[in-house]
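Using the hints, position chain B with the ligands against chain D.
Here is what each chain is made of, one letter per residue.
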Amino acid sequence: MSLIAITEVKKRFGDNEVLKGISIDIAPGEVVAIIGRSGSGKSTLLRCINGLETIDEGSIVVAGAQFLPDEVHLKALRLKVGMIFQQFNLFPHLTAGGNVMLSQMVVKKVPKKDAEAVARKMLDRVGLAHKFDALPDELSGGQQQRVAIARALAMQPMALLCDEITSALDPELVAEVLAVVKELAAEGMTLVMVTHEMRFARDVCSRVVFMHQGRVHEIGAPEDVFANPRTPELRQFLGVQ
Amino acid sequence: MTEFSFWDILRNLLLAARWTVVLSLVSFIGGGIVGAALLFLRIGGRRGIQLLSRGYIQLFQGTPLLMQLFLAFFGLGLFGIDVPAWLAACVALVLWTAAFLAEIWRGCVESIAKGQWEASASLGMGYLQQMRYVILPQALKVAVPPTVGFSVQVVKGTALTSIIGFVELSKAGSIVTNATFQPFTVYGLVALIYFALCWPLSKSSQLLERKLNVAHRNH
Ligand SMILES: Nc1ncnc2c1ncn2[C@@H]1O[C@H](COP(=O)(O)OP(=O)(O)O)[C@@H](O)[C@H]1O
Ligand SMILES: [Mg+2]
Chain D
220 MSLIAITEVK KRFGDNEVLK GISIDIAPGE VVAIIGRSGS GKSTLLRCIN GLETIDEGSI
280 VVAGAQFLPD EVHLKALRLK VGMIFQQFNL FPHLTAGGNV MLSQMVVKKV PKKDAEAVAR
340 KMLDRVGLAH KFDALPDELS GGQQQRVAIA RALAMQPMAL LCDEITSALD PELVAEVLAV
400 VKELAAEGMT LVMVTHEMRF ARDVCSRVVF MHQGRVHEIG APEDVFANPR TPELRQFLGV
460 Q
Chain B
506 MTEFSFWDIL RNLLLAARWT VVLSLVSFIG GGIVGAALLF LRIGGRRGIQ LLSRGYIQLF
566 QGTPLLMQLF LAFFGLGLFG IDVPAWLAAC VALVLWTAAF LAEIWRGCVE SIAKGQWEAS
626 ASLGMGYLQQ MRYVILPQAL KVAVPPTVGF SVQVVKGTAL TSIIGFVELS KAGSIVTNAT
686 FQPFTVYGLV ALIYFALCWP LSKSSQLLER KLNVAHRNH
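Residue numbers (this note's numbering), protein chains in the order written: chain D, 220 to 460; chain B, 506 to 724.
Worth flagging that the hints you see were computed from the coordinates, not collected in a lab. Possibly wrong hints are sitting among the right ones.
Derived SDA-like pairs (lysine to any residue); straight-line CA-CA distance at most 20 angstroms [unchecked claim]:
#  : chain 1 : residue 1 : chain 2 : residue 2
1  : D       : K327      : B       : E623
2  : B       : K619      : D       : K327
3  : B       : K646      : D       : P311
4  : D       : K294      : B       : K646
5  : B       : K646      : B       : K661
6  : D       : K229      : B       : T568
7  : D       : K299      : B       : Q634
8  : D       : K327      : B       : W622
9  : D       : K294      : B       : L633
10 : B       : K646      : D       : L313
11 : D       : K294      : B       : K619
12 : B       : K619      : D       : T273
13 : D       : K294      : B       : R551
14 : D       : K327      : B       : G631
15 : B       : K619      : D       : F232
16 : B       : K619      : D       : E290
One-sided and incomplete, this derived list gives chain D residues near chain B with beta-carbon spacing under 7 angstroms [what the hints assert, rightly or not]:
#  : residue
17 : E290
18 : K294
19 : R297
20 : M302
21 : V325
22 : V326
Since the structure is predicted, the reported quantities are computational estimates derived from the model, not experimental observations. Virtual Cβ for every residue (Gly too), placed ideally from N, Cα, C.
Same shape as in the complex, but just chain B:
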């Protein structure tokens, strides 16, 4: 049996951490796009469509991410569609992220004074024009801190995909542990790597929020 040095362990974990990063980015970007579409439908769509997107958001916020992963992985299998773990992981995380981002952003849009909608409407703008030129430029500023803050949840959420066999940081941790019998070292390192990914995000979210509050108070 080959001996694993500390550096071997670290190297293996870091290599796997790349997939955590990739999965986080895909979830965040994909979730952002789907979330933006949900937001537009949730606020300005017809009544039926509004209800539909609200239902979607509540469904994904009201069930554990783990169940969503299982459903994406095993559920499609029932229909004879063979879903690789990476695909199921991406799909579930994108849909989950979208629901949360849409809800965060809705709060930001609703924090914009009603008078902004009325003034832009009275000037003849349609819904999409109001959103594009008046509401979103203002809401975006408010949205940055909570959005960056939520990205931490996305990074941590990727850990669950180890359960369906996607080899990211957590899964690599258990594989390396099985080979080395040094769980404390391995999981300690895993935790540190997660922390190194998440801490800058939550810290910058805090800083952005403070900066924004100061800017608000000056108004």
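So that you can see chain D by itself, here it is in the shape it has in the complex:
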């Protein structure tokens, strides 16, 4: 059974139809890369899965629970899928540890002591146990993004959505973040990643989705999609003729 079932999803901003009927089923443990040009609707799709945007038509079902836009359902949905953003979005007034503890205590009502233990464990998992007391300001971009991953993991989601999580990083910091993601993939975490790291998509992902103008233009195993692009749009995107 699929963990995330996206069926015929349409999304409009005013007259601009950004998603024109997207259907993708994602099984538990799958690592799906979403590639495509800027403006093709990749971010919008992830934001719909997390309920940051409402959908106009179709359905999104996560672990058997239908997406409905009221606060109770949204919260249930968001406890199942975590999200990592391009700009990290750490809470600047809290330490790394505080960032990882906050939502556990506020949303899940975990006692402070337990939340702290989980936070230390999660920061350790991304290689930042020693930065527990550092403020986001004092961390490099790569470290901030790893804290953001730890923060999402602390909620014990069934899947993580990653929206170009290395795009805002200096090139030399990309690898440390991808290494963490790769490890998560190896541990069986379900991942949906919008990415421009084609090599990473090829090596780590189980499926690649090429989006074009609000549609799934091609979908398949990375070796097929990258080696045998069938449409001119994908060939052009990949720069092969």
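Below, chain B with the ligands without anything else, positioned relative to chain D:
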């Protein structure tokens, strides 16, 4: 007729200045509480409620405080409710202050990056939790200088309540003038007392702002 010495004048004015201070504090604290409620409704309430609180803010920002005082004082009188001057003064000033503070604070909340809302939402927080733990702690820092700066307007605003007969510093000034026929001395002192109340506020607002800007630049 008794002679008023300079010290008699000053003493009387200072005694009345206490009421200016009390009225300012009541307006500022009451206005802060009402303003905070308005802020929450203005940002996160249902659409109808958002419009309502926006209408409130525009109404109170778009009419003279003097009219609001008159309406609170005479308006309720029309319904046979006898409103003492102090009560009308407090009500009008609280409602007026609330409108301005809500608008100042809204600007501060909106200066917080959208990503903060999205990250906290994606972690499962509801609106009140986002405000309480993520947005307000950041917005508060930005809000302190303009809020302290606005308190100067509140202190000066209390002077208008003399018109409906509330005896604060300005009203005491005209009473003492009538008794002493020394308007220049009396109003000079009144102005000095206002200045002594307001200057530290505006100065600290400036200092806070500069300090905050420096802190920002270091980021
Ligand atoms: N909040 C919004 N309001 C209006 N239009 C939007 C909004 N968010 C995205 N769009 C539009 O949707 C389209 C797809 O955007 P996006 O999903 O961010 O693409 P991608 O992530 O693939 O670059 C773009 O044309 C963008 O302008
Ligand atoms: Mg995008």
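Comparing the hints with the structure gives:
1. D:K327 - B:E623: 18 angstroms, holds
2. B:K619 - D:K327: 23 angstroms, violated
3. B:K646 - D:P311: Distance ~12 angstroms between B:K646 and D:P311 Cα, so the pair holds.
4. D:K294 - B:K646: The given pair, whose Cα atoms are some 29 angstroms apart, is violated under the 20 angstroms limit.
5. B:K646 - B:K661: With a Cα-Cα distance of about 25 angstroms, the restraint between B:K646 and B:K661 is violated, given a limit of 20 angstroms.
6. D:K229 - B:T568: 46 angstroms, violated
7. D:K299 - B:Q634: Distance ~19 angstroms between D:K299 and B:Q634 Cα, so the pair holds.
8. D:K327 - B:W622: Holds, because 18 angstroms separates the two Cα atoms, which is no more than 20 angstroms.
9. D:K294 - B:L633: 13 angstroms, holds
10. B:K646 - D:L313: Holds - the C-alpha atoms of D:L313 and B:K646 are around 14 angstroms apart, at most 20 angstroms.
11. D:K294 - B:K619: 19 angstroms, holds
12. B:K619 - D:T273: 17 angstroms, holds
13. D:K294 - B:R551: 19 angstroms, holds
14. D:K327 - B:G631: Given that 20 angstroms is the threshold and the Cα spacing comes to 12 angstroms, the pair holds.
15. B:K619 - D:F232: Holds: B:K619 and D:F232 sit about 18 angstroms apart, inside 20 angstroms.
16. B:K619 - D:E290: Within the cut-off at roughly 19 angstroms; holds.
17. E290: 6 angstroms, holds
18. K294: 5 angstroms, holds
19. R297: 4 angstroms, holds
20. M302: 4 angstroms, holds
21. V325: 5 angstroms, holds
22. V326: 4 angstroms, holds
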